[in-house]
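Please build the complex by placing chain B on the supplied structure of chain A, with the hints as guidance.
2 protein chains.
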Amino acid sequence: MIKSKGADTMTVIKVAILGFGTVGEGVYRTIQSHAEELTAVLGKKVEVSAVLIKNTQKARNISEDVLVTTEFAEILRLPQLDIVVEAIVEREPPFSFLKKAIERGCHIITANKEMFAHHGEELLELAEENNVSVGYEATVAGGIPVIQTLRQLLNINRIKQVQGILNGTSNFILTEMREKKQSFEQALQLAQENGFAEADPTNDVEGFDAFYKTMILSRIAFGEEPNWHDVEREGITAITSEMIETAEKLGLKYKHIATISRTGDQIKATVRPALIGSEHPFYHVEGVQNAVSIQSDIVGEITLQGPGAGMFPTASAVIEDLVYVCKNNKPALRLRALTTN
Amino acid sequence: MIKSKGADTMTVIKVAILGFGTVGEGVYRTIQSHAEELTAVLGKKVEVSAVLIKNTQKARNISEDVLVTTEFAEILRLPQLDIVVEAIVEREPPFSFLKKAIERGCHIITANKEMFAHHGEELLELAEENNVSVGYEATVAGGIPVIQTLRQLLNINRIKQVQGILNGTSNFILTEMREKKQSFEQALQLAQENGFAEADPTNDVEGFDAFYKTMILSRIAFGEEPNWHDVEREGITAITSEMIETAEKLGLKYKHIATISRTGDQIKATVRPALIGSEHPFYHVEGVQNAVSIQSDIVGEITLQGPGAGMFPTASAVIEDLVYVCKNNKPALRLRALTTN
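The listed protein sequences derive, respectively, from chains A and B. For the first sequence, position 261 (counting from the first letter as 1) is numbered 261 according to UniProt numbering, and the numbering increases by one without interruption. For the second sequence, position 70 (counting from the first letter as 1) is numbered 70 according to UniProt numbering, and the numbering increases by one without interruption.
In isolation and in its complexed conformation, chain A is listed as follows (with noise of 0.2 Å):
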């Protein structure tokens, strides 16, 4: 299966992992447990030749041939670098790491949606100068294949609008003061007990996850961006279980949902809690599921549901991107001297 054209050191990609959390070790242990799969697609064989730390005192089952290192400036010096995977959180430093990553000639994947919400246009002008590739299908529901559903969609089809369930701690509440009659504490304690949210869970229950996967959606079905500022964003700490109550005896369920819709020439998005009845395909979307719902011209209406995050959901979308960026028509992965910048 490996093609042996030039030299040796094209019959291996390496890859850095920035940031071990449930991602990074997803995608670490993902690339071990599946190498015979991508060595049959790309030819090639992929390794993980770093990984980016931050807490040297924990304990992690990494193999002693992989650089573990708190520096990124050790792992830009690795003799051979082609893709960076990062998993890290907030803008910054996970920002200036790409950046640096695309001017030595690194193809990028990204799960980080808060920070590609903020400087995804940036990181893809800079690749598209440096002739490498952004991958950042993780960035949006997970391992449902959304952002490549709808490139594929758009080949032909007009977007009239998308609506997602998008952040899954959220839906994890509703579900669960729904379903089991709990006040939102009780139930957000559950979610952090879990694993499904962070002991501050203003990001997830205050609509900005949701806000920030809405704007990369927009970009990608309508090409631009709504004004942040006149977004509505809100998240679901105002429902109340007595609200809960009332609006299921009328037959209906409080959703959180992420609309994008374009009118003309305007790009209009609201994030927040919806009233939504039995014929809503998110209907029946409940726990940590997300789901993407797509109306467009040609096709009508198609919805994906699946796992919107976890360990091996999100690293399945980035060893998908993984793949394509491998597989994409750009020149093969090039070497670059590392130049002082």
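FYI, nobody ran anything at the bench for these hints, they're computed from the structure. Do not take every clue at face value.
Put simply, identical chains are the same to the list, so a pair is met inside one copy or across any two.
Stated by the list, open to error - Derived pair list, reagent style DSBU-like, types lysine-lysine, alpha-carbon separation capped at 30 Å: (1) LYS180 / LYS249; (2) LYS54 / LYS160; (3) LYS99 / LYS58; (4) LYS44 / LYS327; (5) LYS249 / LYS181; (6) LYS327 / LYS45; (7) LYS160 / LYS44; (8) LYS181 / LYS54; (9) LYS44 / LYS100; (10) LYS160 / LYS45; (11) LYS99 / LYS181; (12) LYS99 / LYS44; (13) LYS100 / LYS54; (14) LYS268 / LYS160; (15) LYS100 / LYS181.
Frame of chain A, contents of chain B only:
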């Protein structure tokens, strides 16, 4: 947008459409209404050069510069022909037409599941020899991009099981019987009046249509098919209003479900009615909707739902294939002298 390298003919992609029923007409109309999008995506103008029809007496709204003929040989003799779209039914003559088209050096796209379930492998091999592509997304689940999604997941995931509601007519009948307390015969008649079922509904209600689609999915998901004779195929004709009513009292619904799974080296498939509860992803798939659920090792379970048939959803799948075969890594569309074989 239009690249002008090479001969003039290279700036136009010439398409012949075989059959002008629902799907054929949908493809024709879509190529006209979305000409701008196609030129933008492909860098070439897409033109319908010819349409193969059966009945010369029927009025059709087809542009005067399109060759409308009952003779496939006339289409094959066109000075330029890049893509043949087949939207007929039954195995012959479509299979023979497509073989000749491939031998002439045309890419082919088909929406004909019965023909493709029987002869797909042979067509794919012949296409490989002739260095052309075959598109068949439209054979399964209309506008839902099931085949592309499976292919993409397969880059890295190992598929465990694929399930589908693949026949919109059967699903419509079961939905009507339950929601409106109708008999099978009443619901079938309504399906016929709405154009969802043929005068002879055997293919749909006895499960043959779903069976063909299941075999096509099996080949993509697992690289092979079960022995056709070992597949339990049962339609919905034995389901009575009483059975549906009893099920409903238990919170269950009858759905006509195709299931394909691999155990060890063995592929197993069934196509039959199943009683499912509200936890099943197909419980809420109603009317003429289709759905496909894919279970794989890394990403978990993903469900896709949408219109499984109809003029424009199916046309969308055909046109996505058209874009795909044109952009595929094969050599550019070639003109080959028509040989006498």
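Structure-based check of each hint:
In this homomeric assembly, LYS180 and LYS249 come within 30 Å of each other (Cα to Cα) both inside a single copy, at 15 Å, and across copies, at 23 Å. In this assembly of identical chains, the alpha carbons of LYS54 and LYS160 never lie at most 30 Å apart, being 43 Å within a copy and 37 Å across copies at closest. Within a single copy, LYS99 and LYS58 get their C-alpha atoms as close as 28 Å, which meets the 30 Å cut-off; across copies the closest is 62 Å, which misses it. Taking identical chains as interchangeable, the C-alpha atoms of LYS44 and LYS327 lie at most 30 Å apart whether they share a chain (11 Å) or sit on different chains (24 Å).
Proximity of LYS249 and LYS181 under a CA criterion of 30 Å is satisfied in both settings, with 13 Å inside one chain copy and 25 Å between copies. For the homomeric pair LYS327 and LYS45, the shortest alpha-carbon distances inside one copy (14 Å) and between copies (27 Å) are both at most 30 Å. Proximity of LYS160 and LYS44 under a CA criterion of 30 Å is satisfied inter-copy only: 25 Å between copies versus 40 Å inside one chain copy. Taking the closest pair of Cα atoms, LYS181 and LYS54 never come within 30 Å of each other, the shortest separation being 40 Å inside a single copy and 63 Å across copies.
In this assembly of identical chains, the alpha carbons of LYS44 and LYS100 lie at most 30 Å apart only when taken from the same copy (25 Å versus 37 Å across copies). Taking identical chains as interchangeable, the C-alpha atoms of LYS160 and LYS45 lie at most 30 Å apart only when they sit on different chains, with a minimum of 24 Å there against 42 Å within one chain. Taking the shortest alpha-carbon separations for LYS99 and LYS181, neither the intra-copy value of 47 Å nor the inter-copy value of 62 Å comes in at or below 30 Å. Within a single copy, LYS99 and LYS44 get their C-alpha atoms as close as 26 Å, which meets the 30 Å cut-off; across copies the closest is 35 Å, which misses it.
Taking CA atoms no more than 30 Å apart as the test, LYS100 paired with LYS54 passes inside one copy only; the shortest distance there is 19 Å, against 62 Å between copies. For the homomeric pair LYS268 and LYS160, the shortest alpha-carbon distance inside one copy (11 Å) is at most 30 Å, but the shortest distance between copies (40 Å) is not. Neither within a single protomer nor between protomers do LYS100 and LYS181 lie at most 30 Å apart by alpha-carbon distance, with minima of 50 Å and 65 Å respectively.
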